[in-house]
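Student: Could you build all of it, start to finish, from the sequences and the hints given here?
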Amino acid sequence: MIPGLLMAIAAGSLVGLQNIFNSKVNERAGSWATTALVLGMGFAASLTIGFILEGKRIFTLQNMQPWYWISGMIGVGVVICLVQGVKRLGPTYAILIVLTSQLVLALLFDSLGLLGLDKVPFTFNKLLGVLAIVGGVIVFKIGGGRKFQKSVVQRK
Amino acid sequence: MRGSLFAFFGGAFITLQGVANARISQDIGTWQAAMITQFTGFITALMILLFVRDGEWQQFKQVKPLYLIGGAFGAVIVFSNVTAIHQIGVTYTISALLIAQLCLTFVIDINGWFGVVKQKMRLPQFVGIGMMIAGVMILRF
Chain A
0 MIPGLLMAIA
10 AGSLVGLQNI
20 FNSKVNERAG
30 SWATTALVLG
40 MGFAASLTIG
50 FILEGKRIFT
60 LQNMQPWYWI
70 SGMIGVGVVI
80 CLVQGVKRLG
90 PTYAILIVLT
100 SQLVLALLFD
110 SLGLLGLDKV
120 PFTFNKLLGV
130 LAIVGGVIVF
140 KIGGGRKFQK
150 SVVQRK
Chain B
0 MRGSLFAFFG
10 GAFITLQGVA
20 NARISQDIGT
30 WQAAMITQFT
40 GFITALMILL
50 FVRDGEWQQF
60 KQVKPLYLIG
70 GAFGAVIVFS
80 NVTAIHQIGV
90 TYTISALLIA
100 QLCLTFVIDI
110 NGWFGVVKQK
120 MRLPQFVGIG
130 MMIAGVMILR
140 F
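Just so you know, the sequences run in chain order A and B. In terms of numbering that gives the first Met the number 0, the first sequence opens at residue 0 and continues consecutively. In terms of numbering that gives the first Met the number 0, the second sequence opens at residue 0 and continues consecutively.
Quick caveat, the hints were computed from the structure, so don't treat them as lab data. Heads up, a few of these hints could be off.
[Stated by the list, open to error] Taking lysine-lysine pairs in the DSSO-like style, the calculated list, with each CA pair at most 27 Å apart, reads: (1) A:118 x B:119; (2) B:60 x A:118; (3) A:140 x B:60; (4) A:23 x B:63; (5) B:60 x A:23; (6) B:117 x A:118; (7) B:117 x A:23; (8) A:118 x B:63; (9) B:117 x B:60; (10) A:23 x A:118; (11) B:60 x B:119; (12) B:119 x B:63; (13) A:55 x A:140.
Tutor: Encoded structure:
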């Protein structure tokens, strides 16, 4: 349990940091140049780390199914949706909906075991927990009239 | 309404991307999955950029180099996200990830690091973080 949680916390911290860096690039270069740069950097870093850790095995892609080749386009869908959402709703409400739908979908994926992942049984407590987190996000984001940073290029 | 739909699908795609990466990693390995999905995403974004031309590559020169390499975090993000999903499931992973993300952003806002506009700590933000952590505790039972 704990190692998995630590991994998720590490990922979340890096996402937070990356969103700030990305928004700095975005201010100057626009969202598509930024997206291309960010994904290009991510690819180069994955290749480098993978090569250091696994050597040539990084290039052996066994059991590739056709849809694996296009799954990266989901990230492009994310950018399109976030840019349009923020444009229409403003950053505060757009990000609120984004975070909420991330959590609700996570619960759905676990409960249904979609895409061949292990099924994690749905319980009422899970729903309650997710609702409490969503409530916390709402209080955090709307309470106290803070200003919100426009962060369009958000990452998985 | 359309804005809400876009935002909803934006969030849905973020979760879907994590789950898809977790699935792909079962077949080809985690670093390989991180490499492939970011590569195809990169190519797609590049092609869109050539069509829409909403920005200029040249503008990158005006951005601090530190901010330009933020994308490299993507490797570790995908790796950690996928590993966490395998170990503790999607719900826990996304919950912990979002809380860590909001908390770090909060700390950066309070201190005004990286040139962001400094924000004051207020009660609602602490209440919000408390509720989110309580939510993760409830998930466990």
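Student: Hint by hint, which ones does this structure get wrong, listed from lowest number up?
Tutor: 1, 2, 3, 6, 8, 10, 11 and 13
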